[in-house]
Amino acid sequence: VEDSEGLLVVDQHALHERAMFEELKARIAAAPLETQRMLVPATVETDPRAVEAIADAGPLLERLGIELGAVGPRAVAVHSYPTFLLGRGVEPAQFVPGLLARIAEEGHADFEAALHSVLDMMACKAAVKAGDRLTSTEIDALLDLRERIERGTACPHGRPTALRTTMRDLER
121 VEDSEGLLVV
131 DQHALHERAM
141 FEELKARIAA
151 APLETQRMLV
161 PATVETDPRA
171 VEAIADAGPL
181 LERLGIELGA
191 VGPRAVAVHS
201 YPTFLLGRGV
211 EPAQFVPGLL
221 ARIAEEGHAD
231 FEAALHSVLD
241 MMACKAAVKA
251 GDRLTSTEID
261 ALLDLRERIE
271 RGTACPHGRP
281 TALRTTMRDL
291 ER
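Numbering of the sequence shown is given in the numbering used here, commencing with residue 121 and proceeding in unit increments.
No lab work stands behind these hints: they were computed from the structure. Just so we're clear, the structure is a prediction, and the values are computed from it rather than from any experiment. Misleading hints may appear alongside valid ones.
[What the hints assert, rightly or not] DEER-style ranges, computed between Cβ atoms:
#1 E122 - A190: 53 to 63 Å
#2 K249 - E291: 28 to 38 Å
#3 G178 - G209: 18 to 28 Å
#4 G126 - R271: 17 to 27 Å
#5 E267 - A150: 47 to 57 Å
#6 E258 - G192: 33 to 43 Å
Here a beta-carbon is modelled for each residue, glycine too, at the ideal position from N, C-alpha and C.
Build out the structure end to end from the sequences listed, making use of the hints.
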């Protein structure tokens with residue numbers, strides 16, 4: 121994108137990830153995420169440690185709109201799942217194993233830190249990927265978000281959402 125200062129190269133994944141993260145943070149501050157009850161629970165294979173972590177992660181999972189139940193030593197059934205992720209095309213099999221691994225690894229003694237970590241993971245999975253083709257309208261909306269969201273200059277991991285090259289540097 122060209123502007124009065126020069127050229128701005130935007131990382132669409134990093135910018136969209138930051139926007140999704142801020143949206144999720146705002147939604148979850150108001151209430152647990154909207155959930156979709158599964159007509160037929162999705163069965164997801166995972167690590168036995170992760171299955172054991174479900175019992176202690178109830179409050180976190182509830183806030184996220186995820187209802188899980190162990191169906192064996194290495195599998196869980198997903199009974200409810202956030203509509204946010206479903207709407208972005210992120211299926212339970214893509215998300216739940218990583219979520220449970222993170223919960224088992226990091227624990228959840230600090231609820232807010234665990235929630236932040238999981239929201240970051242959700243935003244990353246839901247964001248557009250590098251190389252995804254966006255329409256002009258989608259590009260304009262994404263660039264507009266950069267100006268409106270808090271800390272729009274970096275993704276939740278700290279990666280810059282854009283790199284600037286000044287007119288002077290371009291002229292050189």
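Discussion item. If I claimed the Cβ atoms of G178 and G209 lie 18 to 28 Å apart, would that claim hold in this structure?
Written reply: About 27 Å separates the Cβ atoms of G178 and G209, which means 18 to 28 Å holds.
Item to complete: With 17 to 27 Å as the target window, see if G126 and R271 comply at their CB atoms.
Response: At roughly 22 Å between Cβ atoms, R271 and G126 fall inside 17 to 27 Å, so the hint holds.
Worksheet item: Taking 33 to 43 Å as the hint, is the beta-carbon distance of E258 and G192 inside that range?
Response: holds (42 Å)
Worksheet entry | Range agreement (Cβ of A190 with Cβ of E122, hint 53 to 63 Å) | Cβ of E122 to Cβ of A190: about 55 Å, so the range 53 to 63 Å holds.
Item to complete: Can you let me know if the beta-carbon spacing of E267 and A150 is within 47 to 57 Å?
Response: violated (23 Å)
Worksheet item: So does K249 sit 28 to 38 Å from E291, Cβ to Cβ?
Response: holds (34 Å)
Going through the hint list in order, the structure does not satisfy hint 5, though it satisfies all others.
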